[in-house]
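A.B. asks: Following the hints, complete the assembly by docking chain D with the ligands onto the known chain A.
Number of protein chains: 2
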Amino acid sequence: QSSLSALYADHLAEQQRRTEHALQRGGFDALVIASGIEKFAFLDDRPYVFQPNPHFKLWVPLVQHPDSWLVIRPGHKPRLVYCQPEDYWHVPPAAPSGFWVEHFELIIVRRAEEALPHLQVPGRLAVIGEADAALGELVPNNPATVLNPLHYARAVKTPYELMRMREASVLGAKGHLASQRAFREGASEAEVHRAYLTAVGLAERELPYGNIVALNEHCAVLHYQYQDVAPPAQSLSLLVDAGAHSCGYASDITRTTGNGDATFQALLDAMEASQLRLVDRVRAGTDYRDIHLAAHAECARVLREVGIVKMEEEAMLAQRVTSTFLPHGIGHLLGLQVHDIGGFMKDEDGGLLPKPDGHPYLRLTRVLQPGMVVTIEPGLYFIPMLLEKLRATPAAAHVDWAMVTHLSAFGGVRIEDDVACREEGAPENLTRDAFERLV
Amino acid sequence: QSSLSALYADHLAEQQRRTEHALQRGGFDALVIASGIEKFAFLDDRPYVFQPNPHFKLWVPLVQHPDSWLVIRPGHKPRLVYCQPEDYWHVPPAAPSGFWVEHFELIIVRRAEEALPHLQVPGRLAVIGEADAALGELVPNNPATVLNPLHYARAVKTPYELMRMREASVLGAKGHLASQRAFREGASEAEVHRAYLTAVGLAERELPYGNIVALNEHCAVLHYQYQDVAPPAQSLSLLVDAGAHSCGYASDITRTTGNGDATFQALLDAMEASQLRLVDRVRAGTDYRDIHLAAHAECARVLREVGIVKMEEEAMLAQRVTSTFLPHGIGHLLGLQVHDIGGFMKDEDGGLLPKPDGHPYLRLTRVLQPGMVVTIEPGLYFIPMLLEKLRATPAAAHVDWAMVTHLSAFGGVRIEDDVACREEGAPENLTRDAFERLV
Ligand SMILES: [Mn+2]
Ligand SMILES: [Mn+2]
Ligand SMILES: [Mn+2]
Ligand SMILES: [Mn+2]
Ligand code: NI
Ligand code: NI
Numbered sequence: 141q142s143s144l145s146a147l148y149a150d151h152l153a154e155q156q157r158r159t160e161h162a163l164q165r166g167g168f169d170a171l172v173i174a175s176g177i178e179k180f181a182f183l184d185d186r187p188y189v190f191q192p193n194p195h196f197k198l199w200v201p202l203v204q205h206p207d208s209w210l211v212i213r214p215g216h217k218p219r220l221v222y223c224q225p226e227d228y229w230h231v232p233p234a235a236p237s238g239f240w241v242e243h244f245e246l247i248i249v250r251r252a253e254e255a256l257p258h259l260q261v262p263g264r265l266a267v268i269g270e271a272d273a274a275l276g277e278l279v280p281n282n283p284a285t286v287l288n289p290l291h292y293a294r295a296v297k298t299p300y301e302l303m304r305m306r307e308a309s310v311l312g313a314k315g316h317l318a319s320q321r322a323f324r325e326g327a328s329e330a331e332v333h334r335a336y337l338t339a340v341g342l343a344e345r346e347l348p349y350g351n352i353v354a355l356n357e358h359c360a361v362l363h364y365q366y367q368d369v370a371p372p373a374q375s376l377s378l379l380v381d382a383g384a385h386s387c388g389y390a391s392d393i394t395r396t397t398g399n400g401d402a403t404f405q406a407l408l409d410a411m412e413a414s415q416l417r418l419v420d421r422v423r424a425g426t427d428y429r430d431i432h433l434a435a436h437a438e439c440a441r442v443l444r445e446v447g448i449v450k451m452e453e454e455a456m457l458a459q460r461v462t463s464t465f466l467p468h469g470i471g472h473l474l475g476l477q478v479h480d481i482g483g484f485m486k487d488e489d490g491g492l493l494p495k496p497d498g499h500p501y502l503r504l505t506r507v508l509q510p511g512m513v514v515t516i517e518p519g520l521y522f523i524p525m526l527l528e529k530l531r532a533t534p535a536a537a538h539v540d541w542a543m544v545t546h547l548s549a550f551g552g553v554r555i556e557d558d559v560a561c562r563e564e565g566a567p568e569n570l571t572r573d574a575f576e577r578l579v
Numbered sequence: 141q142s143s144l145s146a147l148y149a150d151h152l153a154e155q156q157r158r159t160e161h162a163l164q165r166g167g168f169d170a171l172v173i174a175s176g177i178e179k180f181a182f183l184d185d186r187p188y189v190f191q192p193n194p195h196f197k198l199w200v201p202l203v204q205h206p207d208s209w210l211v212i213r214p215g216h217k218p219r220l221v222y223c224q225p226e227d228y229w230h231v232p233p234a235a236p237s238g239f240w241v242e243h244f245e246l247i248i249v250r251r252a253e254e255a256l257p258h259l260q261v262p263g264r265l266a267v268i269g270e271a272d273a274a275l276g277e278l279v280p281n282n283p284a285t286v287l288n289p290l291h292y293a294r295a296v297k298t299p300y301e302l303m304r305m306r307e308a309s310v311l312g313a314k315g316h317l318a319s320q321r322a323f324r325e326g327a328s329e330a331e332v333h334r335a336y337l338t339a340v341g342l343a344e345r346e347l348p349y350g351n352i353v354a355l356n357e358h359c360a361v362l363h364y365q366y367q368d369v370a371p372p373a374q375s376l377s378l379l380v381d382a383g384a385h386s387c388g389y390a391s392d393i394t395r396t397t398g399n400g401d402a403t404f405q406a407l408l409d410a411m412e413a414s415q416l417r418l419v420d421r422v423r424a425g426t427d428y429r430d431i432h433l434a435a436h437a438e439c440a441r442v443l444r445e446v447g448i449v450k451m452e453e454e455a456m457l458a459q460r461v462t463s464t465f466l467p468h469g470i471g472h473l474l475g476l477q478v479h480d481i482g483g484f485m486k487d488e489d490g491g492l493l494p495k496p497d498g499h500p501y502l503r504l505t506r507v508l509q510p511g512m513v514v515t516i517e518p519g520l521y522f523i524p525m526l527l528e529k530l531r532a533t534p535a536a537a538h539v540d541w542a543m544v545t546h547l548s549a550f551g552g553v554r555i556e557d558d559v560a561c562r563e564e565g566a567p568e569n570l571t572r573d574a575f576e577r578l579v
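Going down the list, the protein sequences come from chains A and D. Its first residue numbered 141, the first sequence is counted upward by one per residue in the numbering used here. Its first residue numbered 141, the second sequence is counted upward by one per residue in the numbering used here.
Next comes chain A alone, as it looks inside the complex:
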């Protein structure tokens, strides 16, 4: 564990540097971070599943700790105010232990209100948290001058963070392999979902985002949000978009599986080759928007190769035919959040980099730097609402509608890997590496 300890120490030192820089830019003396409080349903005493402030879990591997706080000051060890109620109603948080504890000035409190005196350090305070985390006169102010440089910097992961994301990738890959086995045995969406959870060892509430588990034409719904309890008469295709967590860091993985149908398999094979070419573009200095545009060129190539659209690729792009089949962005930043913040930032002042015209759903427009982790998730879908619109355009004459009808029963394809940009050369594919470790 000494390498873990060293990695973590370096990670904290980097966060300390970034924070001191951000405080200086904003004209503040200390950063106070709320983990957040439990939220309750309207007129009810039933809590929502707790979602920690990402700024909090950037520093400590604690994700189930409401009412706790961090205080970061130049020249001081970070202070953790750790709320550990004496409570026989629930299992209270365990006494702090593990590799991370020694790096903090640790203050344990028994009730949320007791944190306040330990947060009131001298000077001007930047307080990051939601309004409901306010404690007496300590009210979150979330100054943009401090948040912007922190959000901008967070896109670049430390070696400690990359290690956590590799762990999250291995967990997710386990779940995907189990899902595919369940699919081959004729499982329903609900059963595939449970097979995923069982293999990963997480409860549904612990997932980084809601599992997308789609059979057949449901694969065409980008964020398909249900899981049918009954299996369909015939299972043609499975699309699972699901990740996992390690110490607060997420993976975000999609795999699509067919039933051996030759046309759908040809589509899957073409998408696989295409996705790998796009992954290879994750290199320092590349504008991510260019990868998105390249994904549309790749989409045109796949449509032609498989024979779905019989047009020149350039003509398809000019006539926006690919947007029918690929209506989402090619990916996003990944880290503490599944869609990690800061994807549109031009610089640490808060300026924005625009999306390419006609591509409203792209979530990342920055130039790639070493240490950034992004998803590369091309898709090709048969979405009735969009196909209808295509039918009304001149390009419709070049579409093999019989093939579209055949493939519509499969819904579509998405292949999503988590990819880290390196200083030089080809990127690290966290997802493919994880699958390779397992098979």
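Read the hints as simulated data drawn from the structure, not as lab findings. Bear in mind that the values here come from a model prediction, so they are computed numbers and not experimental data. Worth double-checking, as some hints may not be accurate.
One copy or any two copies: either way a pair holds, since identical chains are not told apart in the list.
[As the list claims (entries may be wrong)] Listed below are the simulated DSS-like cross-link pairs for lysine-lysine, each with C-alpha atoms no more than 27 angstroms apart in a straight line: (1) K495 - K179; (2) K179 - K197; (3) K314 - K197; (4) K197 - K217; (5) K450 - K529; (6) K495 - K529.
C.D. replies: Relative to chain A, chain D with the ligands alone:
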């Protein structure tokens, strides 16, 4: 389905009457109810699981419908503004269909903002919803003068509501039977949890409250919130507190199972008999606080019968010995919410009925009326933190500490049924009836 239709029509007529009465008391002309909007995690685009406004699902069996609204006016059919976006990212809500549709003036909108003109009826509007549901100048005002009579009345269920709660009880009972089978096969907490979900046919996010699934000493944590992935070396006891939903109505059921150990079985048997005696007290005109106090007398009786505490029952009560073993309330109102609102209301003006001295966790202090549904959930636990305090009192001399140590490995017992108060005579036990239908 004609009896369903008639039940539902009667239910709506009753809600209409209650609403007209509440509007009149508050001096308002119409009631506008927001279903609620999706909420997002801090600095994130990831939504929380949607929790509908209970006032909304009182009228319509719709629980996954953000951005929809109801308008209730004296002398008018209730208006439902139903938001059905054209969205290829998600499966949009289906076109309204089923037994309930004919009872509404139905207006379908494609975007949240489009609801506004359909909500701006003439007169003074009482608007029930959270602040974030505001739509332009239509801002929730939640007038207490209207909410209080509605909350007070909701404790009494209509025959339609009782039918839904019977359905939710059958679902929950299925899950409990499956949990017990899994326990007998040596399942871990996580496996028991999944067995429950599989049998009920719900995903975790669809449960009315987080399942409590505890093995061994975890049974002593009243709201045990984890599920261990690995089974313990030996499974002694299982406590499952878990319910289900039918059209927005909840069940809330607890069962405790042993491994055949004679002392624990004696405790289980004594608790079972005791719980049934308490259930029988659910009768019109009974002050629920008296049932809570009777539960402490029952607890004393069980402690003496099993031989855990060798004291006269009256002396145990006088010295508050039972509060060590039964530190929670005997139950609560149940309905659209697991802890249905209004448990402390003296009348429809918003006056409160106090809890008995020394019983801070009781959630219901009203006099029972026909149609009220309450839980009856006595427990008897071996909670280290509370046993330590007992050890420091004179009563400690009368405790069989060897037996306490033996039973502490089992954690504790809770038995919880959902019980409807009748006009006359013995109550309806929704939970026991459900189990009987299944075995
Ligand atoms: Mn993604
Ligand atoms: Mn994904
Ligand atoms: Mn209960
Ligand atoms: Mn319960
Ligand atoms: Ni979505
Ligand atoms: Ni709880």
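A.B. asks: Look at each hint and say if it fits the structure.
C.D. replies: Right, here's what the structure says about each hint:
Taking CA atoms no more than 27 angstroms apart as the test, K495 paired with K179 passes between copies only; the shortest distance there is 25 angstroms, against 34 angstroms inside one copy. For a Cα distance limit of 27 angstroms, the shortest separation of K179 from K197 qualifies both inside one copy, at 18 angstroms, and across copies, at 21 angstroms. For the homomeric pair K314 and K197, the shortest alpha-carbon distance inside one copy (24 angstroms) is at most 27 angstroms, but the shortest distance between copies (39 angstroms) is not. Taking the shortest alpha-carbon separations for K197 and K217, only the intra-copy value of 17 angstroms comes in at or below 27 angstroms, while the best inter-copy value is 51 angstroms.
In the homo-oligomer, the alpha carbons of K450 and K529 lie at most 27 angstroms apart inside one protomer (18 angstroms), although the nearest pairing across protomers, at 80 angstroms, exceeds that limit. In this assembly of identical chains, the alpha carbons of K495 and K529 lie at most 27 angstroms apart only when taken from the same copy (23 angstroms versus 64 angstroms across copies).
When the structure is compared with the earlier hints, no violation turns up for any of them.
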